[in-house]
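Spelled out, the chains give:
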Amino acid sequence: MALIGVNPNRMEVLRLRKRLTLCQRGHRLLKQKQDELMRILYRLIDEARHLREEVEKELTKAFRLFLLAESTLGENLIKNVISFLQVETHIEEQEKRLLNLRVPELSVEIEGNIYNYGFLWTNSDLDNALSLFSEVIPELVKLCEIERKLLIVADEAEKTRRRVNALEYILIPDIEETMKRIVMKLEEIERASRVRLMKVKEIVG
Amino acid sequence: MGELAIAILGACLAVTLAGIGSAIGVGLAGQASAGVMSEDPEKFGRLLILVGLPGTQGIYGFVAGFLTLMRLGLIGAGDKVVLTFPQAWQVFFACIPVALAGLVSAIHQGKVCAAGVEMTAKQPADSGKAMVMGIFVELYAVLGFVITFLLLFSIQF
Amino acid sequence: MIRLKSTIRNPQSTFVEDKRYAYATAYIRVLENKLLSDQIMSQLLEAEDEESLFRILQGGEYGVGSVEALEEKCREELIGVISLVKQLSLEMPLTQLLTMKYDFYNFKVLLKAKYFSKDVELHLFDCGNLDVKEIKYAVTEGKMRALPEGFADAVRKAETEFEKTEELSAIDVVLDREFVNTFYRVSSEYGKRFFIEYLELFADLSNIKIFFRVHNQGKDRNFLERVLFDHGSLDKKAFFKPVEEFASGLHTDFSHLVRESLDYWKTDGTSAGFERLADEYLFQFLKSTKHIVFGPEVLFAYLMIKENELKSIRTIVSGKINGVPVDMIRERIPLPS
Chain D
637 MALIGVNPNR MEVLRLRKRL TLCQRGHRLL KQKQDELMRI LYRLIDEARH
687 LREEVEKELT KAFRLFLLAE STLGENLIKN VISFLQVETH IEEQEKRLLN
737 LRVPELSVEI EGNIYNYGFL WTNSDLDNAL SLFSEVIPEL VKLCEIERKL
787 LIVADEAEKT RRRVNALEYI LIPDIEETMK RIVMKLEEIE RASRVRLMKV
837 KEIVG
Chain B
49 MGELAIAILG ACLAVTLAGI GSAIGVGLAG QASAGVMSED PEKFGRLLIL
99 VGLPGTQGIY GFVAGFLTLM RLGLIGAGDK VVLTFPQAWQ VFFACIPVAL
149 AGLVSAIHQG KVCAAGVEMT AKQPADSGKA MVMGIFVELY AVLGFVITFL
199 LLFSIQF
Chain W
14 MIRLKSTIRN PQSTFVEDKR YAYATAYIRV LENKLLSDQI MSQLLEAEDE
64 ESLFRILQGG EYGVGSVEAL EEKCREELIG VISLVKQLSL EMPLTQLLTM
114 KYDFYNFKVL LKAKYFSKDV ELHLFDCGNL DVKEIKYAVT EGKMRALPEG
164 FADAVRKAET EFEKTEELSA IDVVLDREFV NTFYRVSSEY GKRFFIEYLE
214 LFADLSNIKI FFRVHNQGKD RNFLERVLFD HGSLDKKAFF KPVEEFASGL
264 HTDFSHLVRE SLDYWKTDGT SAGFERLADE YLFQFLKSTK HIVFGPEVLF
314 AYLMIKENEL KSIRTIVSGK INGVPVDMIR ERIPLPS
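Chains as they are written, first to last, in this note's numbering: chain D, 637 to 841; chain B, 49 to 205; chain W, 14 to 350.
In case anyone wonders, no lab produced these hints; they're calculated from the structure. As the structure is a prediction and not an experimental result, all values here were calculated from the model. Cβ atoms here follow ideal geometry from the backbone N, Cα and C, with glycine treated the same way. Mixed in with the good hints, there may be bad ones.
Stated by the list, open to error - Below, a list of computed lysine-lysine pairs in the DSS-like style, where the Cα atoms sit at most 25 Å apart:
id : chain 1 : residue 1 : chain 2 : residue 2
1  : W       : K131      : W       : K156
2  : W       : K149      : W       : K99
3  : B       : K170      : W       : K303
4  : B       : K170      : W       : K99
5  : W       : K146      : D       : K715
6  : W       : K177      : W       : K232
7  : D       : K715      : W       : K86
8  : W       : K232      : D       : K697
9  : D       : K697      : W       : K279
10 : D       : K715      : W       : K131
11 : W       : K127      : D       : K715
12 : D       : K778      : D       : K697
13 : W       : K149      : D       : K715
14 : W       : K324      : D       : K697
15 : W       : K303      : B       : K91
16 : W       : K300      : W       : K32
17 : W       : K279      : D       : K693
18 : W       : K32       : B       : K170
19 : D       : K821      : D       : K654
20 : D       : K715      : W       : K324
21 : W       : K32       : B       : K91
22 : W       : K300      : B       : K170
23 : B       : K177      : W       : K32
Claimed, not checked - A few chain D positions that, by computed beta-carbon distances, are all more than 12 Å from chain W:
id : residue
24 : V649
25 : R651
26 : T725
27 : E794
28 : V831
29 : V840
Claimed, not checked - Part of the chain W face toward chain D, derived, beta carbon under 7 Å:
id : residue
30 : V122
31 : K125
32 : F129
33 : H136
34 : L181
35 : D189
36 : I223
37 : R226
38 : Q230
39 : V240
40 : A285
When you get a sec, could you build the whole thing from the sequences and use the hints?
As structure tokens, then:
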């Protein structure tokens, strides 16, 4: 535990006391912020987990159908369907504020006809796979957004926790300790001067 | 000599018609078995008899023609027979059973045998059955030949 | 899981035997013997792991060690079987009927590539009746005169339709329709009942498949009218109804297929079940060629069944290896017998 190098006088005690109250207030505020961040964090984790499960389930289904379509229709056909797709996916990023944090918000737009092929050389599995993919893409983007938010919030929570800890376990105890020392020192000085006074009285008297 | 010509015409018909039939029949069965063997050469043994079956009609026709010539004395040691007009026609008609029965039966036997070849391709164990089917058709060629034979030898010169 | 309950109508086509095909028919009979049996197919479906999959295939035509090798083998087999039936075919119309599908496919890809904004790698089938280079030249240079009758016309129609709608799928739609029309025309000229009946059945079943898929895609009546094929026995008007009404109003030899797969469609939202049943029905029709002693129909049926076998093997093996549930795979494997 480090002492703050200061002169032991009453002025300093007053100054430290002020600093202590400030620290305590800051600590309280940061604690509240930390709580809020944790709350958001848990909510995001929950959301992300749910969404991820859902997305994974849908993607598995989509990939299975696609695989079946690919193997029944043959590689050539699938490649031709895929290379001539006229679908464009636009993803836009906007910034939003969450507490004092900047978090991204993504919006996705799918343009064009996903069924851009004839019927004769294709089958319903391909239809279903492509429609599942186009449904899952917005969810995937949403998941990406949530996970990004999660990282930012987690990072901030970590920082806040470090600050709270620094206040709680280092700065505040340090100040308190220093104040105590100064007070003790002052008392010591007082006692010394009193003893000196008594001694002088004795000599004089 | 017109009489002799009629009799020879009969012999010729027996040989050629039966021969044509056999050629068509063997051709069909042969094509089919070539198809099988180009993918599965080991079947040669089983297919050989099926291909050969429609060929017998040609032999019957040939034998009938040969017998006719012998009976007419055109070949062999005997004297040349002098035919009357009815006799000539008798010889001619005697030749007809083997000619026609041979022609028609050989073609159909060819089909049956070709089908048998295909069957053998699918189920090699059943080649015997396929042969039996072919032999049933053979029967009618044999009947035709027998009648031709009997007729030829029952005509009195 | 639905399986075909009733069997197909007896082939109404009276086969006229064609002795010129004695060699070809016998050749094909041997090959038919080598097709994988349903038993092997179900063994494959039930195989525990990759190793046992390849063990089952060992010793046969598909005895290879890896998925890639199997893919390669399937490609080779397809090219091989097509060039074989082309060789065995003795008449131009038959060759056309056998390979027309691939020619039309190549036309589709090349035309789409021509009008597509980006450069794409072309995946063509080098097994049609027309040389790929010729088709490429004709399409890219726009010189259709060298093409056989029908193709140039079809390509022109597809181009006009594309210019009107600006959609690449229009090219597919037009050329698919032209494929069916050309098949009909060639088979009518060829005069064999079997091919005409096959096409009729094919058009009907394809139309029902399309009907289900158009419903699933959420497209409207006009679109449906545009993509349905001609030459089917069903009136096109029958299709402009809600699914259930359509199913109950159907009175043909194959209406039970539609009704059987309806529940499946309702719960799973996919018509894959019907597609399998329809293919099986079509194969049963093709299998009627087993009564033919000599005839070109045998070639056609064999080609179709072989193509299906290649498809099935690929589906089973890649499905199994990638952990697709067995029932899901089984639902996609039409068994010809």
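Status of each hint after checking the structure:
Taking the CA atoms of K131 (chain W) and K156 (chain W), the gap is about 23 Å. The hint holds against a cut of 25 Å. Straight-line distance between C-alpha atoms of K149 (chain W) and K99 (chain W) comes to about 21 Å, which keeps the hinted pair within the 25 Å bound. Distance restraint check for K170 (chain B) and K303 (chain W): the Cα-Cα separation of roughly 11 Å lies within the 25 Å cut-off, and the hinted pair is therefore satisfied. For a cut-off of 25 Å, the pair hint linking K170 (chain B) to K99 (chain W) stands: about 22 Å separates their Cα positions.
A hinted pair counts as satisfied when its Cα atoms are at most 25 Å apart, and K146 (chain W) with K715 (chain D) qualifies at roughly 20 Å. Pair hint K177 (chain W) plus K232 (chain W) holds up; C-alpha atoms about 19 Å apart against a cutoff of 25 Å. Between K715 (chain D) and K86 (chain W) the CA atoms are separated by roughly 19 Å; this keeps the pair inside 25 Å, and the hint holds. Between the alpha carbons of K232 (chain W) and K697 (chain D) the distance comes to roughly 23 Å, so the proposed pair stays at or under 25 Å and holds.
Pair hint K697 (chain D) plus K279 (chain W) holds up; C-alpha atoms about 18 Å apart against a cutoff of 25 Å. As the CA atoms of K715 (chain D) and K131 (chain W) are separated by approximately 15 Å, the hinted pair is consistent with the 25 Å bound. For a cut-off of 25 Å, the pair hint linking K127 (chain W) to K715 (chain D) stands: about 16 Å separates their Cα positions. For the hint linking K778 (chain D) to K697 (chain D), the alpha-carbon distance of about 19 Å falls within 25 Å, and the restraint holds.
Distance restraint check for K149 (chain W) and K715 (chain D): the Cα-Cα separation of roughly 18 Å lies within the 25 Å cut-off, and the hinted pair is therefore satisfied. For the hint linking K324 (chain W) to K697 (chain D), the alpha-carbon distance of about 21 Å falls within 25 Å, and the restraint holds. Proximity of K303 (chain W) to K91 (chain B) is assessed by CA-CA distance (about 21 Å); at most 25 Å being required, the pair is judged to hold. With a C-alpha separation of about 20 Å, the suggested pairing of K300 (chain W) with K32 (chain W) holds against the 25 Å cut-off.
For the suggested pair K279 (chain W) and K693 (chain D), the alpha carbons sit about 21 Å apart, so the restraint of at most 25 Å is met. A hinted pair counts as satisfied when its Cα atoms are at most 25 Å apart, and K32 (chain W) with K170 (chain B) qualifies at roughly 19 Å. As the CA atoms of K821 (chain D) and K654 (chain D) are separated by approximately 19 Å, the hinted pair is consistent with the 25 Å bound. Distance hint between K715 (chain D) and K324 (chain W) is fulfilled; the C-alpha atoms sit about 16 Å from each other, no more than 25 Å.
Between K32 (chain W) and K91 (chain B) the CA atoms are separated by roughly 22 Å; this keeps the pair inside 25 Å, and the hint holds. Using a Cα cut-off of 25 Å, the hinted pair K300 (chain W) and K170 (chain B) holds, with the two alpha carbons roughly 15 Å apart. This hinted pair checks out: K177 (chain B) and K32 (chain W) have alpha carbons roughly 22 Å apart, not beyond 25 Å. For V649 (chain D), the condition that its CB be more than 12 Å from all CB atoms of chain W holds, with the nearest at approximately 73 Å.
Distance check on R651 (chain D): its Cβ is at least 70 Å (rounded) from any Cβ of chain W, clearing the 12 Å threshold; non-interface status holds. No beta-carbon of chain W is positioned within 12 Å of the beta-carbon of T725 (chain D); the least distance is around 15 Å. Every Cβ of chain W is farther than 12 Å from the Cβ of E794 (chain D); the closest lies at roughly 38 Å, confirming the non-interface assignment. V831 (chain D), annotated as away from the interface, keeps every beta carbon of chain W farther than 12 Å; the closest lies near 89 Å.
Remark: the non-interface label on V840 (chain D) is consistent with the geometry, its nearest Cβ contact in chain W lying 103 Å away (cut-off 12 Å). Here the hint on V122 (chain W) is kept, as its CB sits about 5 Å from the closest CB of chain D, short of 7 Å. Hint on K125 (chain W) holds. Least Cβ distance to chain D is approximately 5 Å, under the 7 Å limit. For F129 (chain W), the interface hint holds, the least distance from its beta-carbon to any beta-carbon of chain D being 6 Å, beneath 7 Å.
For H136 (chain W), the shortest C-beta to C-beta distance to chain D is roughly 4 Å, which falls under 7 Å, so the interface hint holds. Here the hint on L181 (chain W) is kept, as its CB sits about 5 Å from the closest CB of chain D, short of 7 Å. Because the smallest distance between the Cβ of D189 (chain W) and any Cβ of chain D comes to about 4 Å, under 7 Å, the interface hint for this residue holds. At a threshold of 7 Å, the smallest CB-CB gap from I223 (chain W) to chain D is about 5 Å, leaving the interface hint in force.
For R226 (chain W), the suggested interface contact is upheld, since its CB lies about 5 Å from the closest CB of chain D, less than 7 Å. Look at Q230 (chain W): its Cβ gets to within about 5 Å of chain D, closer than 7 Å, so that hint holds up. Of the supplied interface hints, the one on V240 (chain W) holds, with its beta-carbon coming within about 6 Å of a beta-carbon of chain D, less than 7 Å. Interface restraint check for A285 (chain W): the shortest CB-CB distance to chain D comes to about 5 Å, inside 7 Å, so the restraint holds.
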